[in-house]
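Single-letter residue listing:
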Amino acid sequence: MNYLSILVALPVVGALIVGGLRSATDKLIKQIGLGTALASALVALSMALQFDPNSSSTLQFVEKYDWIPAFGVSFSLGVDGIALVLIVLAAILVPVVMLAGWNEAEGHRGSVRQYVVLTLLTYSMMIDVFAATDVFLFYVFFEAILIPMYFLIGRFGGQRATYAAVKFLLYSLVGGLLMLASLVGLWVVSREQLGAGTFDWETLTTLNIDGGVQNWLFLGFFIAFAIKAPLFPFHTWLPDAAGEATPGNATLLVGVLDKIGTFGMLRYCLPLFPLASAYFTPVVIVLSLVGIIYGALLAIGQSDLKRLIAYTSVSHFGFIALGIFAFTTQGQSGATLYMVNHGFSTAALFLVAGYLMSRRGSRFIEDFGGVAKVAPVLAGTFFLAGLSSLALPGMSSFISEFLVLQGTFTRYPVPAIIATTGIVLAALYILLMIQRTMTGEPTAEVAEKVGEITFREKIAIAPVIAIIIVTGFLPQPLLNIINPAVDRVMTAVTATDPVASEGVSK
Amino acid sequence: MHSLLIGLPLLGAAVLLLGGKRTNAWGHYFATAMSIGSFLVGVASFSEMFGLPAEERSIEWTLTEWISVGSFQVPIAFQLDQLSIAFVLLITGVGSLIHVYSIGYMEHDANRRKFFSYLNLFVSAMIVLVLANNYLLLYVGWEGVGLASYLLIGFWQHKPSAATAAKKAFVVNRVGDIGLSLAVMLMFAFFGTVTFAGVNEAADNASEQTATWIGLALLLAACGKSAQFPLQSWLLDAMEGPTPVSALIHAATMVTAGVYLIARSNEIYNIAPTAQLAVVIIGSITYLMGAVIGTAKDDIKKGLAGSTMSQIGLMILAVGLGPIGYVFAIFHLLTHGFFKAGMFLGAGSVMHGMHDDVNMRHYGALRTAMKITYATFGLGFLAIIGIPPFAGFWSKDEIIKVAFSYSPLVGVLTLVGAGVTAFYMTRMMAMTFFGTARWDDDVHPHESPKTMTIPMIILAFGSAFGGMLLLFVADIESWLEPVVGFEHAHHAPDNAILIPVTLAVVAAGAALGWIQYATRDVPRVAPADVSFLTTAARADLYGDAVNEAVFMRPGQYLTRSLVYVDNKVVDGAVNGTAGFVGLVASQLRRLQTGYARSYALMMVLGALVILATAVLVRMS
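Sequence order for the protein chains is A and B. Per my numbering, the very first residue in the first sequence carries number 1; after that it's consecutive. Per my numbering, the very first residue in the second sequence carries number 1001; after that it's consecutive.
One should not assume that every hint holds.
Result set (DSS-like, lysine-lysine): computed pairs, CA atoms no more than 30 Å apart in a straight line [stated by the list, open to error]:
{"no.": "1", "chain 1": "A", "residue 1": "458", "chain 2": "B", "residue 2": "1159"}
{"no.": "2", "chain 1": "B", "residue 1": "1021", "chain 2": "A", "residue 2": "449"}
{"no.": "3", "chain 1": "B", "residue 1": "1021", "chain 2": "A", "residue 2": "458"}
{"no.": "4", "chain 1": "A", "residue 1": "373", "chain 2": "B", "residue 2": "1168"}
{"no.": "5", "chain 1": "A", "residue 1": "373", "chain 2": "B", "residue 2": "1021"}
{"no.": "6", "chain 1": "A", "residue 1": "449", "chain 2": "A", "residue 2": "373"}
{"no.": "7", "chain 1": "A", "residue 1": "449", "chain 2": "B", "residue 2": "1159"}
{"no.": "8", "chain 1": "B", "residue 1": "1450", "chain 2": "B", "residue 2": "1021"}
{"no.": "9", "chain 1": "A", "residue 1": "449", "chain 2": "A", "residue 2": "27"}
{"no.": "10", "chain 1": "A", "residue 1": "373", "chain 2": "B", "residue 2": "1159"}
{"no.": "11", "chain 1": "A", "residue 1": "458", "chain 2": "A", "residue 2": "27"}
{"no.": "12", "chain 1": "B", "residue 1": "1450", "chain 2": "B", "residue 2": "1371"}
{"no.": "13", "chain 1": "B", "residue 1": "1021", "chain 2": "B", "residue 2": "1159"}
Heads up, incomplete: computed chain B residues facing chain A, CB under 7 Å, no partners named [unchecked claim]:
{"no.": "14", "residue": "1069"}
{"no.": "15", "residue": "1070"}
{"no.": "16", "residue": "1170"}
{"no.": "17", "residue": "1174"}
{"no.": "18", "residue": "1175"}
{"no.": "19", "residue": "1178"}
{"no.": "20", "residue": "1181"}
{"no.": "21", "residue": "1185"}
{"no.": "22", "residue": "1206"}
{"no.": "23", "residue": "1210"}
{"no.": "24", "residue": "1560"}
{"no.": "25", "residue": "1563"}
Hints listed in this document are in silico derivations from the structure and should not be mistaken for laboratory results. The structure displayed is predicted, hence computed values, not measured ones. Think of the CB as a built atom: it goes at the ideal place given N, C-alpha and C, for glycine as much as any other residue.
Please build the complete structure, drawing on both the sequences and the hints.
In structure tokens:
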């Protein structure tokens, strides 16, 4: 079965139906949107069940259609374990976001119809980006996905939405342009070495590129990904964009879309430019560490819930990049798992924060306080989301954070030690936020406006919380999918894990 | 079957939390039953273990594979041996008594069900901590109990002081958790394994340097969880939680986890004398600090908290002494579990009868109004100051003895501490139960209900006989030896000299306390013209002042300036150097229209570049 093309096509079909039914009510439109998302989620999950982690081929569910043969461009899709888990993440989060943010499109410049269409298009392109095995195709969707996201932020955002949307767009475009330059360079090199230029990813990984050239090509890709992920100092667009976007869009943006950056580092930067990746490792590690600490400190200093969550993500993306550039299996598998877990825990934080903000009509922390007394279940859910973000052992995020730290430590002990300060800062930013919003005596406004979590809200968030807790104790099914793909990346960059120097020989 | 030790209380927590209000009517009974059930499983396991020869007593079982990436392979697996069963019995035994006590104590609290679910959560996490067969799973229990502690300290979270204390406890503990993380990372990096068995085996060939680093990292972890200097400040604030919580978590069980961790890692410490010395120093400092703080507190719970800090300091000191000390550290941990939990419950009973007033200056002469509380607290008092034949005498005496054999200086320190302990405990006893009645007219002290007094009586029984039972019946020395090792101390002072000297010091401390607080009037308001040491002790020896000056204030300043820097400098610089200076600036100024167009332009430009290059290359 052509799972991937079905996954790409389903949301587009849904979007067309919604767009075509001119007389449909908002409710019907939302139902169609949710139905489409649920159907895709089923397809994605059954694909995941069909996936063979022990397969000898790098990519599975491969599909290939000619597109621009003159330039060696094809419309080719396929997944390895890393892409698969990210696609599943997207497939689970999109229906969750739609249900959780059932009413969030109302009261904005854009219509509900636009909201659903744009969300579905974004979704379809996410699949394209993760499944593309042609670098040109990847680039096209890497850029194209900006368009629906731009409108989602701009038309459905807060007061500074337009500013935030433009900033998001321009930052991404700058990165995209740099990547484009590298892409052209890569094509030229492939043409020199193979006779005919190609954009086929697997073929490109076999090239032998001169170190100096690698460095330049690497930079083009890396900066694009560092902006997307985002790493310090390219992060300032994120708090603006996530702060202005609706909680649902912020979830898709930070939870899934930004993962394209760290996914790209693993999929493109490392295997295509192994020498350059090694060459730039010290720089990336320093940027990651700065990001971990800087993002956390800024999160502590925020007065706006959504910006706070955005800055926690800057810190978490630092961990992910650190794990990738540790060049150990624990670091890279941990980083990949981190991408998935961070998607879920950020979703939980943004969406439950959204529940709170929609009740109180404010996104500022000072307007809350005492919520635990008037809405204990809502407060408890927010607390669980917070625990996931601070990587409490028993939550899935602990596994990935520890793997990243462990994987970094075996090769780079000092950076790993510095990174552990992040676990204290995480406790601070989460628990300060919890204390300020949830504890104390409720103010009159909180008591009046903040009601208990509704049935719809519960249903939407329950799967996310369940996944966070269950994979905290059973992460191995995911790791079994991720590990072989990471082993291939390790082979591509000719890295091996350091050996325990005082170990007992078994 | 052994998994039920964790499973039952976990089920209790889950049923009460997920069941919500529907379980309000019977939730507390259910939770208590789960805790007692876990205790019974513990007793069954213990009697089974007791019947086996020493080498067959340790069993391991694996629930499932947990994490496997490359050579990093960690199962969810447990180990029940002589050391962990001792903890299991302490946790579930004292835990069950405190469940029963709380039925009465929390009777009028609207959130009683939630309270019991957190208690169950605590018990299950604490058992994970002591049953885990590897350091990473121990970590789950380690932060799990931290979570339960956070929830229970902040149980009355509408009080800002409680919410702040809860957060502080968690954050300070996380500083310690850095140590645990580093220890696990070091173990895997150098030994390739994180299981207790694997690490112990590797310790035979490990370098002293590696062992020292691991030992110091584990000590940092212990400092957080066991409230040892310099991470002690959270424990006094933790008294914001309901008193049964203070008894269970912040006296008898959780705070002793650091002692467990070090005893469990004995093979590492045995080859790392520098790390051992650090443990002894930290333990000694905290032992004396806590005792000094205890002398100045008027809040009965904070006085007991200072005492707990101090007594755990003594245990930490003892585990730092190596194979001559491990057994006695655990011995003291167990007896302390009885008498300190008993006294905390007694304090709760006093508060119950005194309108929740915690200020001992408002107490006095309560021995007639609350006879059972007085008697049970009194037995705890005799046990902690070390009067023979009560529980604390046996364990404390052994620690003082081995401390002398380690170094006369440390020995003298333990002796001085014993004197100060006798002073502050006598002070507490006198201010509460003796002297003149100082309570308000509208306060009518009365004895607590049976659900509260029966647990107190059982714990008092432990305070009285626990030491002898553990030493002579259970033979704790040879019981624990296969796990933590045991050596007789050389050059230890003879009991014939040591015991009289110790008792003389204790008597002197007690006499001072008695003269000052039982024979003279105790002012209802704390006098202000006191010595520098008293002022310092009242301020917790300035632990918080230092934290505030060194970490909090600069931290707040730092985050505030960084927010400014990020908005102005980083944002501005990246915007400015992005290569699109003109475009960004002009577009941001004219915000309303044209973005789709500029985007399209960009795409076209991009496409042109790629086409042009491709064409050029083709032509060449």
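We went through each hint and held it up to the structure:
no.: 1; hint: 458/A <-> 1159/B; verdict: holds (28 Å)
no.: 2; hint: 1021/B <-> 449/A; verdict: holds (22 Å)
no.: 3; hint: 1021/B <-> 458/A; verdict: holds (16 Å)
no.: 4; hint: 373/A <-> 1168/B; verdict: holds (21 Å)
no.: 5; hint: 373/A <-> 1021/B; verdict: holds (14 Å)
no.: 6; hint: 449/A <-> 373/A; verdict: holds (13 Å)
no.: 7; hint: 449/A <-> 1159/B; verdict: holds (21 Å)
no.: 8; hint: 1450/B <-> 1021/B; verdict: holds (27 Å)
no.: 9; hint: 449/A <-> 27/A; verdict: holds (25 Å)
no.: 10; hint: 373/A <-> 1159/B; verdict: holds (11 Å)
no.: 11; hint: 458/A <-> 27/A; verdict: holds (19 Å)
no.: 12; hint: 1450/B <-> 1371/B; verdict: holds (13 Å)
no.: 13; hint: 1021/B <-> 1159/B; verdict: holds (23 Å)
no.: 14; hint: 1069; verdict: holds (5 Å)
no.: 15; hint: 1070; verdict: holds (4 Å)
no.: 16; hint: 1170; verdict: holds (6 Å)
no.: 17; hint: 1174; verdict: holds (4 Å)
no.: 18; hint: 1175; verdict: holds (5 Å)
no.: 19; hint: 1178; verdict: holds (5 Å)
no.: 20; hint: 1181; verdict: holds (5 Å)
no.: 21; hint: 1185; verdict: holds (4 Å)
no.: 22; hint: 1206; verdict: holds (5 Å)
no.: 23; hint: 1210; verdict: holds (6 Å)
no.: 24; hint: 1560; verdict: holds (6 Å)
no.: 25; hint: 1563; verdict: holds (4 Å)
Checked against the numbered hints above, the structure violates none of them.
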